[in-house]
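Enquirer: Chains as they are written, first to last, in our numbering: chain E, 12 to 282; chain G, 24 to 280.
Where hints are given, some of them may not hold.
As the list claims (entries may be wrong) - Simulated crosslink set (DSS-like; lysine-lysine; CA at most 30 Å straight-line):
| # | chain 1 | residue 1 | chain 2 | residue 2 |
| --- | --- | --- | --- | --- |
| 1 | E | K205 | G | K157 |
| 2 | E | K205 | E | K190 |
| 3 | E | K190 | G | K157 |
Read the hints as simulated data drawn from the structure, not as lab findings.
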Amino acid sequence: MKSPPLPFSPPAGGPLLLWRVLPPLLLLALVLIGWQVAVWLFRVPPYLLPGPLAVGQGAWQRSAMLLQATTLTGVGAVCGFLASLVLGVLIALLFAQSSVIRGSCYPYAIFLQTVPIVAIAPLVVNWLGSGLHSVVVISCIISLFPVITNVTTGLISVDRGLLDLFRLYRASRWQVLCKLQIPNAVPYLVTGAKTSSGLAVVGAIVGEFFVGYGTRNHGLGYVILYSGPQLKTDQLFAATIASAVLGIVMFSAASLIGRTLLARWHQVPLD
Amino acid sequence: MPDRDQTLPGGAEVQLQAMRVGLRFGQQPPVLEEVDFALRAGEFASLVGPSGCGKTSILRMIAGLASPTSGTLQVTGRPRTAFVFQEPNLLPWRSVVENIRLPLELLGVPRGEQPAIIERSLSLIGLRPADHQKYPRMLSGGMRMRVSLARALATAPEILLLDEPFAALDDMLRQQLNEELLRIWQQQGWSALFVTHNVSEAVFLSRRVLIMRAHPGQIAEEVEVPFPYPRSPDLRGDAHFAELCSYVSQRLRALAS
């Protein structure tokens with residue numbers, strides 16, 4: 012059976028899970044201990060490099076603020092991610108219609124990927140003003156490209172034999188699209204969504220560098236941007252870690268949903 | 024229904040006739056040139072020949088997946104053709120039942136009539152009910168090929184085109200599927216054109232074996248197979264059967280040199 016190539020991860024299970032989780036945790040513990048010891052030994056001032064204990068303490072003290080910021084950024088990133096999925100799939104459906112459309116539009120899709128998002132963000136703010144919607148737009152722009160390319164590839168790279176089968180029964184273009192091309196593109200959509208999920212968080216944080224939600228509500232981007240100049244380095248670290256965790260959560264969610272979506276036919280259940 | 028078991032196909036009506044059919048792509052040397060043959064209604068015929076002689080191209084032209092660049096391919100009436108490809112070509116995201124449903128959907132068979140048709144073709148090819156909801160990945164190569172055959176039969180074809188369907192299977196399984204194919208053919212009476220590399224398979228199944236030569240592809244010789252249907256598996260041990268197989272092999276070798 013031919014199926015599109017996908018990074019194939021073995022199913023999670025008891026000893027295997029332990030084997031996968033334990034080594035990175037051990038490495039993390041080693042790095043944290045080394046970091047703490049170095050900070051003590053060389054008496055590094057906390058505004059330059061706080062030790063992990065100080066970062067933890069600072070995070071604990073400002074946990075309410077950090078949680079609120081993470082939630083705000085999370086909402087922006089999730090909305091941007093979902094928007095990029097919808098928009099990306101629609102654009103890919105258009106691209107899949109003809110090589111002429113692909114040829115003429117693709118350079119501009121690449122433009123999306125290569126133009127620095129930091130350069131576009133102020134423009135978006137000028138056009139749309141501040142607020143969540145601008146953050147969502149910026150997050151969507153940066154996470155759009157992987158969805159477009161992956162889904163387009165999935166739609167146009169159908170197996171020749173399967174296409175013959177559809178032609179044999181005089182299938183209409185619409186039938187080929189719905190019954191062959193779209194199902195074929197699902198694994199590719201999952202791959203694109205995994206890449207996009209991480210990028211959406213980056214987009215939301217970059218958006219928050221330029222866009223406020225008002226005077227009382229701040230996202231992680233704002234916290235990161237203003238902790239540095241205020242020498243609240245522990246807070247800077249805590250916010251950075253929070254944004255990384257947010258990205259990991261979104262990636263894991265996308266992977267999990269993707270795996271369930273493909274489970275039926277892409278992986279053989281072990282029994 | 025005429026008695027198809029004992030008579031040779033001389034009197035039966037012609038279902039399909041190729042007249043000086045040629046196929047070439049651009050300025051390349053022709054794949055097929057001056058191909059002439061006829062397939063009679065209800066006949067089982069095989070095409071054997073070296074790789075690249077255009078056997079598959081002939082099937083594709085009959086199925087409407089390609090058009091001859093010269094000559095004509097005459098089909099009596101507008102018979103429904105089904106194609107069993109070399110690969111099972113099952114949709115990996117559809118279960119066995121849903122795969123067999125596909126051509127019915129594409130041909131616009133009313134939804135209410137589909138389950139009975141699917142049930143019938145599944146029972147023909149002998150797939151256990153436990154396997155009906157499985158996905159292609161969970162099936163063995165032989166099972167996948169059976170499903171592919173069931174899908175072709177579900178459309179009630181008048182002409183069945185088979186392109187080396189059992190080439191990837193081991194010899195035991197191939198022989199077993201050959202016998203089942205003949206049994207279904209005798210029940211249903213479609214005309215079959217069977218492409219294969221395997222001479223013994225061709226002789227066992229067919230009433231006529233069409234031997235091809237390559238560069239350009241042409242029908243070089245027709246060999247009548249006189250054994251009456253139904254044919255038992257014991258036929259393979261018959262001296263006349265072996266003689267005929269060795270004759271066809273010898274002709275193939277002579278044409279290749």
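Enquirer: Work down the list of hints and note, for each, if the structure agrees.
Expert: The hints, checked one at a time:
The straight-line distance between the Cα atoms of K205/E and K157/G is roughly 28 Å, inside the 30 Å bound, and the hint therefore holds. The hinted pair formed by K205/E and K190/E meets the criterion: a straight-line CA distance of about 24 Å does not exceed 30 Å. A distance of roughly 19 Å separates the Cα atoms of K190/E and K157/G; the hinted pair therefore holds under the 30 Å criterion.
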